[in-house]
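Residue numbers (the working numbering), protein chains in the order written: chain S, 1 to 273; chain D, 1 to 211; chain X, 1 to 217.
One or more of the hints may lead you astray.
Here chain X is said to cover these stretches of chain D; the calculated rule only asks that three of the stretch's residues, wherever they fall, bring their Cβ under 8 Å from a Cβ of chain X [what the hints assert, rightly or not]:
#	region
1	13-24
2	36-50
3	66-76
4	107-115
5	157-170
So the derived list for chain X, only partly shown, Cβ under 7 Å to chain D, looks like this [claimed, not checked]:
#	residue
6	6
7	126
8	182
9	189
Since the hints were made in silico from the structure, they are not lab data.
The C-beta atom is built at its ideal place from N, Cα and C for all residues, glycine as well.
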Amino acid sequence: MSFLANIDRRVFYWILFIALMVPFLNPIGFPIKIAENTRDLYEGITGDSVEPGDVWIINFGYGVSAWPECHPGVTVCAKALLREGAHIILIGPHTDVELTYNHLLDTASADFDAATYGEDWVFLGYITGGESAIAQLASNMRSVYPTDHFGTPLDNIPLMQNVNTWHDVSGVLSSDTGDWGGYFLTMWQEAYGVPMAQIGIAMLGSTGIPRWLAGNYFGMSVGSRGGAELEMLIGEPGDAIIAMDSISVSHLLIVIAVIIANVGMLMERGRKS
Amino acid sequence: MPYPTATWDLIGLWTGWVLMLMIYSYPLYKENPVYRFAEHLYIAVYLAVSLTVNFSNVMRMCITPMMQGDITMIVPLIMGLMIYAMLIPEYRWVSRYPIALLVGAGFGLGIRGSIGPNIQDAIVSTITRPTDGGAMAWINFLYIAVGLICSVMYFLLTYEHSGAMQVPTRIGRLFIMVALGAYFGNTVLFRLTMLTGRAQFFLQVLKLIPM
Amino acid sequence: MSQMLKREVVYAITGIVTVLMFVEYFLFPESQAWAEMLRTWGIIIYNISLGLGAVRLTMAHSVSIQRRRENWQYSGVLLATLVVMLVTGLAGYFTTGLQTSNTIYNWLFNYVYTPLGATLYPITGFYIFSAAYRAFRARNVDAALMLIAGCFVILSNAPVGEAIWVGFATIGEWFRFTGQVPGMRTFALVGTLGMIAYGFRALLGKERGFYAGGGEE
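Pulled out of the complex, with its shape left as it was, chain S reads as follows (with noise of 0.2 Å):
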């Protein structure tokens, strides 16, 4: 075993990177269950949870490395939440937002297209400034955007009308890798009641499911298995369902990895021993 103990690191690297690939050339199609987090997120958009005129955010709290695990999570709730009516204010903290913006118009190009700007949705665009941001968000949106991102004053677009503070939002939905979930958890949820909900990546499940636990968040989409979850309660397969070979495959190998590692060091301590 001590020879495995040797083999350059690139070896392993290349076998990872082939091993990706061979699932998108031929698919298996492992069955994907649904979690219960993820199902109380699609049931908190969906149905009686959601009246037609409501206004959501959709905090857009990842860049363009976290596409393939936020990106398709958002995708089906920005689908679910126009085919039930209601209104969607787009915003993100990363300075790429621009371009998760276009690349959400393209993933969901049908229900986008069927929709009008400035009445079914609006994108405000940038926002930095952290916990502040976002308090002030809540008290008083115009002083953090006193335009949208194409340069339209807020009091010129019909869905921003009478959308000012936090008392005109139904509910959050916010993607993150980051803290920006958690600020909206502070100066949203846990100060004004404001139901939320969390599409994070994987890590954020961590500490996430806790506070779907404790009645924090409504539901939660954890990584992209999340969003494999969610397309298959919309019944629209997408990237997320796509990659999940992928994953399974290099999963597996991670797993494959520890396991011949410990059986080599105790193969090692024994023979010491």
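Dock chains D and X against chain S, hints included.
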């Protein structure tokens, strides 16, 4: 999105593909000039995007309202520029004023907002007994309750973890290890999903799978 | 007087702003206008301050080119690209109000920024694989527990786990919905208590590390 056909979009797509390989030449081969070039290129474009977006935001939030008559906006503009005093050693203290405002707002909002979800709601959820689910629900309830108490005791660093504290803190450490293990498991999903996206892009540009 | 301007006045500003944020929410909603004004100022200051990193970076790379340090050519690439994108972005902004209206900026944003941004961070995926093989060893009970929890969560996150054995998904789910909860709640709870303690120390002027030249005059 369909495979692009316009010339500049096609050039852009392949440029992105090549740039991706330039970056991956580092882990898959070794550090080399090609990787260094791509890395510096990224820093430059990221910085430029960041500067232009923040500039337009300052124009939107501060300069334009000031030009339209809100003269109080001169104050944050001047305070923001005071931060740049950090670059001049003898006037670095001037930058403390805007930082003081940012730190004060951050602390005030952070403290007022964090107590509810992180302390109150967490404790209430932990001590709320299960209403359904049978024996397993009670086992989980006890697991979480005992785990929380022991884990918090582990972080009582002002007391020596000996005597009566020894067993609970040791148990608390084990609960923390389980949490860190689960966190690692989720981290693996995150990292590998991002890599999966790149593998998919690699094949899409080569038209081996649909875009 | 100058010492007071450099220290005590700074702590006073921190304290007043902190207290105002509390008072606005818990006690006197009438103070909301002041709190809103300060928060808006804070956002603008934050925006302006993000240029500081750019200034330092530009200075460092300019010196590198000037003194022909090792790999100065990359600094040249960086500065040249930065200038091109800045000029085109600002040109787009001043003509139409939108940076991306400039064709060159938009092309670089879509076809250089996006693939590079999407590629650099996922490199850590490679490292996690080699780390799983080289570093994650169950040398004692604590590490073994961590690895077991990690492996079950990994196998429950990927659909293949349930396909191999339904127990992987069941046990992994237990770790996700129960097993990790005490530890994660502890981190949040203890972190918040620490932040509160740190905040009060900052209000009392005992924490000066985040002020420029903190610890000195």
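Hints and how they fare:
Evaluation of the coverage hint for the region 13-24 of chain D: fulfilled, as 8 residues show C-beta separations to chain X shorter than 8 Å, against a requirement of three. Only residues whose C-beta sits within less than 8 Å of a C-beta in chain X count toward coverage, and the region 36-50 of chain D has 15 of them, enough to reach three; the restraint holds. Coverage of the region 66-76 of chain D by chain X holds [criterion: at least 3 residues with CB-CB distance below 8 Å; count 4]. For a cut-off of 8 Å, the count of residues in the region 107-115 of chain D with a CB near a CB of chain X stands at 8, and the three-residue condition holds.
Residues of the region 157-170 of chain D lying with their CB closer than 8 Å to a CB of chain X number 0, which falls below the three-residue condition for coverage. With a cut of 7 Å, the hint placing residue 6 of chain X at the interface with chain D holds, because the nearest CB-to-CB distance is about 4 Å. Checking residue 126 of chain X against chain D: minimum C-beta separation of about 5 Å stays under 7 Å; hint holds. About 3 Å separates the beta-carbon of residue 182 of chain X from the nearest beta-carbon of chain D, less than 7 Å, and the hint is met.
Given hint, residue 189 of chain X at the interface with chain D, holds; its Cβ is 6 Å from that chain's nearest Cβ, closer than 7 Å.
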